[in-house]
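K.L.:
Please model the complete structure; the sequences and the hints are all you need to start from.
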Amino acid sequence: MSVSTSGSQNVTIINSKKLWIYGYEDLADPRTKDWLLVSSFTPVLAWDALYLLMAFYLPKIAIRYKPRQLKPILIAYNTAMALLNFHILKEVVVNAAQLNYNYLCQPCRVIYSKHEIKLAAAVWWFYFSKLLEFSDTLFFILRHKWKQLTPLHIYHHSTMFPLWWIAIKWLPTGSSTIYYWASLGPTGYPGQM
1 MSVSTSGSQN VTIINSKKLW IYGYEDLADP RTKDWLLVSS FTPVLAWDAL YLLMAFYLPK
61 IAIRYKPRQL KPILIAYNTA MALLNFHILK EVVVNAAQLN YNYLCQPCRV IYSKHEIKLA
121 AAVWWFYFSK LLEFSDTLFF ILRHKWKQLT PLHIYHHSTM FPLWWIAIKW LPTGSSTIYY
181 WASLGPTGYP GQM
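Take the sequence shown: its position 80, counted from the start at 1, is 80 in the working numbering, and no numbers get skipped.
In short, the hints are calculated from the structure, not lab data.
Straight line, CA to CA, 16 angstroms or less: simulated EDC-like cross-link-like pairs of lysine to aspartate or glutamate:
1) K130 <-> D48
2) K33 <-> E116
3) K71 <-> D136
4) K118 <-> E91
5) K90 <-> E116
6) K114 <-> E91
7) K147 <-> D136
8) K118 <-> D29
P.N.:
Following this line, the structure appears as structure tokens:
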């Protein structure tokens, strides 16, 4: 006697697809899911792959040439990044204060107030800055700063962009300290739960 399992396998595949769509699309934050570089993971994966290709193969090409002097470019880049990060900080502080955020533990919520949207936009700019920061590695390579091109540096830059994609896709507002407080157990949180 033989037992056919193809029917139950089809159900499992269909349920897995429904679960994937539920987790990927239905749980995505509706405020940000259509923003640039948020709706799909494909561009994030492509940029990350290009970054890793650059980090591993461009040094082999750049070594054949003289180190580049990039001082004016680096001054402009670092100034722009400092201004961008100041803007992000200002938006977070001002809008979190307007919303009376609890910096110890703020629940994630989907609210369409102007301050919540501005907070989500600040998180998006921080996420986008991780893409811009791929340039750090390019500048190290072009200037032959091989000691700064460490595995930790490459790991950091290649993971920050996808990790912040997760944040902007599903949790663009609220506080991530909940994981810290949860690790302390029920008596570890200093405020009211």
